[in-house]
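A.B. asks: Chains as they are written, first to last, in the working numbering: chain A, 1 to 622; chain B, 623 to 808.
Keep in mind that the hints were calculated from the coordinates and are not lab data. Treat the hints with care, as some may be off.
[To be verified] Only part of the chain A face toward chain B is listed, based on derived beta-carbon distances under 8 Å:
#, residue
1, C169
2, D546
3, G581
4, E586
5, E590
6, W595
7, L599
8, S600
[Claimed, not checked] Simulated crosslink set (EDC-like; lysine to aspartate or glutamate; CA at most 16 Å straight-line):
#, chain 1, residue 1, chain 2, residue 2
9, A, K63, A, E20
10, A, K71, A, E278
11, B, K691, A, E586
12, B, K691, A, E587
13, B, K806, B, E761
14, B, K691, A, E590
15, B, K783, B, E719
[Unchecked claim] A few chain B residues that don't get close to chain A, going by computed Cβ distances all over 10 Å:
#, residue
16, F641
17, Y671
18, D677
19, E680
20, A688
21, G713
22, E719
23, G765
24, A768
25, G775
26, L782
27, F797
28, F808
A virtual CB, placed ideally from N, CA and C, is assigned to each residue, including glycine.
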Amino acid sequence: MFFKPLDLTTALRPALLPDETLLFVQDAVGLYEGKYKIPNYQNGHAYLTSHRVCYVAVEEPRKYSVGIDLKEVDRAEYQAGFLKSSPKITLYPKPPKSTLSKSKSAGASPSRGQSPSISASRPQIQPTPPKPINATWVCPICSFSNPVPSNFDPSTATVSTPIPPCLACGIKPPLATLLKAVITATANREGPATQTNPTLPGTEGSAPAKGPGIVPYPDKAQVSCPRCTFVNHPSLAECEICGASLVATGALKSTKIGSYRAESPAPVFAHNSIKSTEITDCMKLSFRAGGIQIFHERLKGALIQRKWLLYDAPPVPQQPSQSNSMPSPGLTVTSPAIGSVPSPSRSPGVGIAGLEQRGLQARKNNELVIGNAFEDLEALMASAKQVMALAASMRDSGMTSGDVSGEANAVLLESAETMGMVTTKDMLGSGAGSLYISELSRNLAEYLTDDRKGLLNKEGGIISLIDLWAIFNRSRNGVELVSPLDFQKAAELWETLRLPVRLRQFKSGLFVVQRWDWSDEETLRKIQGWMAELRQVPPTEPISWDWRQFGRAVTAQEAAQRFGWSVGVAAEELEMAEDKGVLCREEGIEGLRFWANFLSDAPVVGDLGLSRIALDEVDRPI
Amino acid sequence: MTTAPPFQFPSTYSFPPFFTPQPNSATRTSQLQKWSSLVQSWCRHHRIYRLTLSDAIESPLFYNSALRKRLSMKDARDVLDWMAKSEEEGGGGQRAEWIDGNSKTVARIWWKRPEEWAGIVADWVENTGQKNVVLTVYELIEGEGAMSQEWHGMDTDVMLKSLNVLVKRGKAQVFGGEGQEGVKFF
Numbered sequence: 001m002f003f004k005p006l007d008l009t010t011a012l013r014p015a016l017l018p019d020e021t022l023l024f025v026q027d028a029v030g031l032y033e034g035k036y037k038i039p040n041y042q043n044g045h046a047y048l049t050s051h052r053v054c055y056v057a058v059e060e061p062r063k064y065s066v067g068i069d070l071k072e073v074d075r076a077e078y079q080a081g082f083l084k085s086s087p088k089i090t091l092y093p094k095p096p097k098s099t100l101s102k103s104k105s106a107g108a109s110p111s112r113g114q115s116p117s118i119s120a121s122r123p124q125i126q127p128t129p130p131k132p133i134n135a136t137w138v139c140p141i142c143s144f145s146n147p148v149p150s151n152f153d154p155s156t157a158t159v160s161t162p163i164p165p166c167l168a169c170g171i172k173p174p175l176a177t178l179l180k181a182v183i184t185a186t187a188n189r190e191g192p193a194t195q196t197n198p199t200l201p202g203t204e205g206s207a208p209a210k211g212p213g214i215v216p217y218p219d220k221a222q223v224s225c226p227r228c229t230f231v232n233h234p235s236l237a238e239c240e241i242c243g244a245s246l247v248a249t250g251a252l253k254s255t256k257i258g259s260y261r262a263e264s265p266a267p268v269f270a271h272n273s274i275k276s277t278e279i280t281d282c283m284k285l286s287f288r289a290g291g292i293q294i295f296h297e298r299l300k301g302a303l304i305q306r307k308w309l310l311y312d313a314p315p316v317p318q319q320p321s322q323s324n325s326m327p328s329p330g331l332t333v334t335s336p337a338i339g340s341v342p343s344p345s346r347s348p349g350v351g352i353a354g355l356e357q358r359g360l361q362a363r364k365n366n367e368l369v370i371g372n373a374f375e376d377l378e379a380l381m382a383s384a385k386q387v388m389a390l391a392a393s394m395r396d397s398g399m400t401s402g403d404v405s406g407e408a409n410a411v412l413l414e415s416a417e418t419m420g421m422v423t424t425k426d427m428l429g430s431g432a433g434s435l436y437i438s439e440l441s442r443n444l445a446e447y448l449t450d451d452r453k454g455l456l457n458k459e460g461g462i463i464s465l466i467d468l469w470a471i472f473n474r475s476r477n478g479v480e481l482v483s484p485l486d487f488q489k490a491a492e493l494w495e496t497l498r499l500p501v502r503l504r505q506f507k508s509g510l511f512v513v514q515r516w517d518w519s520d521e522e523t524l525r526k527i528q529g530w531m532a533e534l535r536q537v538p539p540t541e542p543i544s545w546d547w548r549q550f551g552r553a554v555t556a557q558e559a560a561q562r563f564g565w566s567v568g569v570a571a572e573e574l575e576m577a578e579d580k581g582v583l584c585r586e587e588g589i590e591g592l593r594f595w596a597n598f599l600s601d602a603p604v605v606g607d608l609g610l611s612r613i614a615l616d617e618v619d620r621p622i
Numbered sequence: 623m624t625t626a627p628p629f630q631f632p633s634t635y636s637f638p639p640f641f642t643p644q645p646n647s648a649t650r651t652s653q654l655q656k657w658s659s660l661v662q663s664w665c666r667h668h669r670i671y672r673l674t675l676s677d678a679i680e681s682p683l684f685y686n687s688a689l690r691k692r693l694s695m696k697d698a699r700d701v702l703d704w705m706a707k708s709e710e711e712g713g714g715g716q717r718a719e720w721i722d723g724n725s726k727t728v729a730r731i732w733w734k735r736p737e738e739w740a741g742i743v744a745d746w747v748e749n750t751g752q753k754n755v756v757l758t759v760y761e762l763i764e765g766e767g768a769m770s771q772e773w774h775g776m777d778t779d780v781m782l783k784s785l786n787v788l789v790k791r792g793k794a795q796v797f798g799g800e801g802q803e804g805v806k807f808f
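Modelling step: build the complete structure from the supplied sequences, incorporating the hints.
C.D. replies: Put into structure tokens, the structure is as follows:
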């Protein structure tokens, strides 16, 4: 288990991987390595995600932030607080029991990213072709362990897929049961594959002394059965009680650690940073401001759910059988054991017929994905990845075809991506009102500065708080809406949290959001440039003043159009400029219009100064 | 006097925002100064000593027919109010004075302050060698000797105010009664 360096977002929160979701956040957390406090890591936010536990310090977050992959965590223990000691959660790493890793850590030099070891372990991570899954499902009626049929594919299975009944009682299981069983089994699938790997040429170099036979079994460790938790003797291949296979679990551990080593960054940081250092014994999170119960609960949940397996799983194969099974559409769904059957060569489509055929095929595929997804909620979760991809592609095609409501659609569809990033109240402890606000504040800052959406840029660098509130809540798809009060509080925190956006209040009380480096001077410069420009352009209709000297009047609407602001913002910016003496107003039947300020003498060049002339005239004796 | 060249309005007069009271205090002050100058030079040009507000807002002074912009009665009164205040009070240096007190419909415009008038008159008396000569006020205003002078045709009240300044300085003495005032310069 390693402390890994973290990528932080602009709002100083950990950047989530694709598919990773935020589960819980707690502030005032300290880190321990073994029994010892780690200096500089004693006051920060702990982020629990579906894949990691991340720590981000309050002071100097870019320097002091680490993450631990949950997949390397063996178990988490809860330790209650006692007197002055805060309650803690201890994370134990998966024991490095395999001889493969032992030989490396003992024999090799401390730098872990050696090239031979990389080349040695690479073949292990390469996805093996899908094999018949050796999974069992437990019948919910009679609790008999049935084997999952070898042709069952979780990625294509629907309710209509034929499912064999229970061998004991003859009742068909629900699809969800089967899906779960397969997903659990996917975790163990790579076990047997790795076991055979050391015999491959090229891997010999890393563990030359050990024969492949010794690999799966650690010396003294006992193997607990993954199904019934009975602790078996290590030399047993099957559980004594329930008969489940034990080989996979033992080998799995070695695989995990072995494959991990390859991807951990080689250089150890020169300064005394803990990043990339290995945790040998255990590490602790000390909860100084509560929240430990929920954190522990969700951590346990995450360790059981093992979402990272979904991410690591090979991408769901396309439906290759469709192109040639077109004449008989009834057969399309029942495509068994995709991996084992060599995919039939795509019929070469030429010309319009080919295009049509491809379009038809794509539509079929989309139908299938959507159909799969919505038939069962469990199945929806299983195919969430595909649906996301589909939504993204739909959005892209919608954008390119230039539809009218493109913007609204984009916002709605993008919400699917942002769903993983939002902080909701239930991610945080009950008593953590201020933490919720600060997390929301960071969340908002990320949302605003997200380059993909470019929300601020689209709005001319400034957006009113109300508009932002509406857009933000819409992107949450109507769940976990943020109250206006919380929203404003969160926005007010940007300044103290030193985030790259700022809340600002105009004289009239309108709140707007802008980048932190946005300044009035910049706006004034823009407006002045515009005014100078207007003095160059001859007016379209005859006017009674000298346009070369005064230019013409502008309204808030025109300013909004020119700078991409909303009208409310434009009105406020113009009044701000008036307040600074750059503009002056004219109230007429057309409404309020603004002019370059030729009334004040000082800042404006080109005005001859009426008062001076007049006084000269008066003083001159006749 | 009717053959005099038409009044040259300053450029600001054709600047539309000139006719809208500005909310920004700095801009407003500048705007009022410009109005004050305009009113003074307008009155000087037309030899106006008392300005009746209801007439003035229909005159080109407060009504720009080319722009179709005007100062409202209230705004015009604000301008004159500002002119009436002393500079210490943030006003225009007592260049105007309400004649009818609080109803504020007629104002005297001091395009020269009484002190300035007094200086000019005293200089003229000295230059023309009329010290220790008794002059009537009517003579001073309408007399042939003063025909070429700036105060020719001046309001009697204005002249008396100016002479009073000289009296206080001990340079003149005013005697006689209502409508029959005479003055003697020392």
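A.B. asks: Please go over all the hints and tell whether each is borne out by the structure.
C.D. replies: Status of the hints after comparison with the structure:
A distance limit of 8 Å between C-beta atoms decides the matter here; for C169 of chain A the minimum to chain B is near 85 Å, and the interface restraint is violated. Interface hint status for D546 of chain A: upheld, as the beta-carbon distance to the closest one in chain B is roughly 7 Å, under 8 Å. The beta carbon of G581 of chain A is positioned within 8 Å of a beta carbon in chain B (closest approach about 6 Å), and the interface hint is therefore held. The closest approach between the C-beta of E586 of chain A and any C-beta of chain B is roughly 4 Å, which is under the 8 Å cut-off, so the hint is satisfied.
Look at E590 of chain A: its Cβ only gets to about 10 Å from chain B, farther than 8 Å, so that hint breaks. Proximity of W595 of chain A to chain B holds as hinted, the smallest CB-CB distance being about 5 Å (cut-off 8 Å). Taken as an interface hint, L599 of chain A checks out: its beta carbon lies about 5 Å from the nearest beta carbon of chain B, inside 8 Å. For S600 of chain A, the shortest C-beta to C-beta distance to chain B is roughly 4 Å, which falls under 8 Å, so the interface hint holds.
Distance hint between K63 of chain A and E20 of chain A is unfulfilled; the C-alpha atoms sit about 23 Å from each other, more than 16 Å. Note on K71 of chain A and E278 of chain A: the hinted pairing holds, with a Cα-Cα distance of about 15 Å set against a maximum of 16 Å. For the proposed pair K691 of chain B and E586 of chain A, the alpha carbon gap of about 10 Å is at most 16 Å, so the pair holds. Note on K691 of chain B and E587 of chain A: the hinted pairing holds, with a Cα-Cα distance of about 10 Å set against a maximum of 16 Å.
For a cut-off of 16 Å, the pair hint linking K806 of chain B to E761 of chain B stands: about 12 Å separates their Cα positions. Annotation: proposed proximity of K691 of chain B to E590 of chain A holds, straight-line Cα distance about 13 Å (limit 16 Å). Between K783 of chain B and E719 of chain B the CA atoms are separated by roughly 13 Å; this keeps the pair inside 16 Å, and the hint holds. The non-interface label for F641 of chain B is inconsistent with chain A: the shortest C-beta to C-beta separation is roughly 8 Å, within 10 Å.
With a minimum CB-CB distance of about 14 Å to chain A, Y671 of chain B clears the 10 Å threshold, and the non-interface call stands. For D677 of chain B, the shortest C-beta to C-beta distance to chain A comes to about 21 Å, beyond the 10 Å cut-off, and the non-interface label holds. With a minimum CB-CB distance of about 19 Å to chain A, E680 of chain B clears the 10 Å threshold, and the non-interface call stands. With a minimum CB-CB distance of about 4 Å to chain A, A688 of chain B fails to clear the 10 Å threshold, and the non-interface call is violated.
Interface exclusion of G713 of chain B from chain A stands, the closest Cβ pair being 14 Å apart, more than 10 Å. With a minimum CB-CB distance of about 17 Å to chain A, E719 of chain B clears the 10 Å threshold, and the non-interface call stands. Every CB of chain A lies more than 10 Å from the CB of G765 of chain B, the least distance being 18 Å, so the non-interface label holds. No Cβ of chain A approaches the Cβ of A768 of chain B within 10 Å, the least distance being about 13 Å, so the stated non-interface status holds.
No Cβ of chain A comes within 10 Å of the Cβ of G775 of chain B; the nearest lies about 14 Å off, and the non-interface call holds. No beta-carbon of chain A is positioned within 10 Å of the beta-carbon of L782 of chain B; the least distance is around 22 Å. At roughly 30 Å, the least C-beta separation between F797 of chain B and chain A is larger than 10 Å, which holds for a residue marked as non-interface. No beta-carbon of chain A comes within 10 Å of the beta-carbon of F808 of chain B; the shortest separation is about 24 Å.
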